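There are 2 protein chains.
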Amino acid sequence: MEVLTTEQKIIEAARKIFTQKGYAATKTRDIAEEAGINLALLNYYFGSKENLFKQIVNEELEDLFGLMSPFLSDSNTTLEEKIRILVKDYTKLLTENEDLPIFVLNELKNNGNIFNHILQQARTMSQPILDNQLKNNGYTISISDFIMNIVGLTIFPFIAKSLLIASGILKEEEFPQFIRNREKLIPEWIFAILKQSRQ
Amino acid sequence: MEVLTTEQKIIEAARKIFTQKGYAATKTRDIAEEAGINLALLNYYFGSKENLFKQIVNEELEDLFGLMSPFLSDSNTTLEEKIRILVKDYTKLLTENEDLPIFVLNELKNNGNIFNHILQQARTMSQPILDNQLKNNGYTISISDFIMNIVGLTIFPFIAKSLLIASGILKEEEFPQFIRNREKLIPEWIFAILKQSRQ
DNA sequence: CTATATATTAAACAAACGATTAAAACAAAT
DNA sequence: ATTTGTTTTAATCGTTTGTTTAATATATAG
Numbered sequence: 000m001e002v003l004t005t006e007q008k009i010i011e012a013a014r015k016i017f018t019q020k021g022y023a024a025t026k027t028r029d030i031a032e033e034a035g036i037n038l039a040l041l042n043y044y045f046g047s048k049e050n051l052f053k054q055i056v057n058e059e060l061e062d063l064f065g066l067m068s069p070f071l072s073d074s075n076t077t078l079e080e081k082i083r084i085l086v087k088d089y090t091k092l093l094t095e096n097e098d099l100p101i102f103v104l105n106e107l108k109n110n111g112n113i114f115n116h117i118l119q120q121a122r123t124m125s126q127p128i129l130d131n132q133l134k135n136n137g138y139t140i141s142i143s144d145f146i147m148n149i150v151g152l153t154i155f156p157f158i159a160k161s162l163l164i165a166s167g168i169l170k171e172e173e174f175p176q177f178i179r180n181r182e183k184l185i186p187e188w189i190f191a192i193l194k195q196s197r198q
Numbered sequence: 000m001e002v003l004t005t006e007q008k009i010i011e012a013a014r015k016i017f018t019q020k021g022y023a024a025t026k027t028r029d030i031a032e033e034a035g036i037n038l039a040l041l042n043y044y045f046g047s048k049e050n051l052f053k054q055i056v057n058e059e060l061e062d063l064f065g066l067m068s069p070f071l072s073d074s075n076t077t078l079e080e081k082i083r084i085l086v087k088d089y090t091k092l093l094t095e096n097e098d099l100p101i102f103v104l105n106e107l108k109n110n111g112n113i114f115n116h117i118l119q120q121a122r123t124m125s126q127p128i129l130d131n132q133l134k135n136n137g138y139t140i141s142i143s144d145f146i147m148n149i150v151g152l153t154i155f156p157f158i159a160k161s162l163l164i165a166s167g168i169l170k171e172e173e174f175p176q177f178i179r180n181r182e183k184l185i186p187e188w189i190f191a192i193l194k195q196s197r198q
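Heads up: the protein sequence lines correspond to chains A and B, in order. Under numbering that gives the first Met the number 0, the first sequence is numbered contiguously, ending at residue 198. Under numbering that gives the first Met the number 0, the second sequence is numbered contiguously, ending at residue 198.
If you are wondering where the hints come from, they were derived from the structure by calculation, not from laboratory data. Note that the coordinates shown come from a computational prediction; the quantities given were computed from them, not determined experimentally. Mixed in with the good hints there might be a few duds.
Same chains, same names: a pair is fine if it fits in one copy or spans any two.
What the hints assert, rightly or not - Restricting the straight-line Cα-Cα distance to at most 25 Å, the calculated cross-link-like pairs of lysine-lysine (DSS-like) are:
hint : residue 1 : residue 2
1    : K53       : K183
2    : K26       : K87
3    : K20       : K53
4    : K194      : K81
5    : K194      : K87
6    : K170      : K134
7    : K20       : K48
8    : K87       : K15
Make a model of the complete structure from these sequences and hints.
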């Protein structure tokens, strides 16, 4: 089992180290060692460190936003269902890949413009349908705030995990339960916010 | 005017570049150039790049958490006032220093344990008072969730700014208004969440 | 003014890093 | 079995990077 091609071994190793340390702090030699391959093979298959990096980031963005767009643009799914599914799916994804959000957001800050096409596609499909669903229910909240609140409440704990633990607010071993609990609460909080925007 | 000592010039330049690019991507030569000083002076005054970095991070953490702890632990300030002031102060701080949160959280992820003392102090003072204020009002939300929600809703837009803009959800020039608007809304949302936790 | 401490500079060092090269090992095709 | 194309290896190249050194300039004190 586990017969990976050299190319796959490099990608897996690169994904692990890039997401852990970021672009600048990652050495091609670290990737080669983690992958168990000769250093020159990295350039043989991917040309350069930067090339390899872009491919990884593209895949991670797909993970993050491919999740969102298809069902958000489905007009048969109710707003309530969308909220619950979104929170649930993101919680699952981030639990399995805790370093993902801060990595993506950090690297996006420096090279945002390179990945525009992926992000814009994710939005244009879902925006009008969501907008209608909000208005039809009488909710006056803007779509930007609506998305920002769901995503922020769900993702932020993963970004701030080190801070939570370093400050003693939470212990490392309590974190999974903390997240599982929020997974149930966040949709209720979002509903409370929505209802308040209607009054 | 503007007569800075060499030491101060280095610190200002270092703060700017470190927060912009992170530790690994920052070159000592960039700092020297930005500060307008000779490269060797950096080591003359601070010994090493790492030393200088630690000093900067410590100052940034003070900025970020010194804001919080003094008045959160004041039992004369009502919960409502605390929420409003916290959101207002953080919004102001981050508006003037947009790169701060992602920088701090990113570097904290790798070196969390080094800065424990600052963070733990900020917590132990305010936690029991806040806890009482929540319980006395009949709110069942946990203090971790309470803090996480306020801070998350306030800070996350700054962390996700590049994403918001790259995806086209928001235009760069709309961002300040977006933030100003949320500054008013977030306290109301927090109240809505609190009330819901009482029912 | 002179001596001494402090601050600044240009140059260089040593290690780390991304990338390349040339040869060797391997696989596939004829 | 030989040729041809592909993959892998060890060694090295040219830069970059953090740091140090030795000389020079500037300030301070007696």
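Structure-based check of all given hints:
Neither within a single protomer nor between protomers do K53 and K183 lie at most 25 Å apart by alpha-carbon distance, with minima of 35 Å and 39 Å respectively. Taking the shortest alpha-carbon separations for K26 and K87, neither the intra-copy value of 35 Å nor the inter-copy value of 41 Å comes in at or below 25 Å. In this homomeric assembly, K20 and K53 come within 25 Å of each other (Cα to Cα) both inside a single copy, at 15 Å, and across copies, at 18 Å. Taking the shortest Cα distances, K194 and K81 sit within 25 Å of each other both inside one copy (16 Å) and across copies (24 Å).
When the C-alpha separation of K194 and K87 is checked against a cutoff of 25 Å, the pair qualifies both within a copy, at 21 Å, and between copies, at 24 Å. For the identical chains of this complex, K170 and K134 are inter-copy neighbours only, at 22 Å across copies versus 41 Å inside a copy, given an alpha-carbon limit of 25 Å. Taking identical chains as interchangeable, the C-alpha atoms of K20 and K48 lie at most 25 Å apart whether they share a chain (14 Å) or sit on different chains (18 Å). In this assembly of identical chains, K87 and K15 lie within 25 Å of each other by CA distance solely inside one copy; the values are 24 Å within and 38 Å between copies.
Hints 1 and 2 from the list above are not met by this structure, while the remaining hints are.
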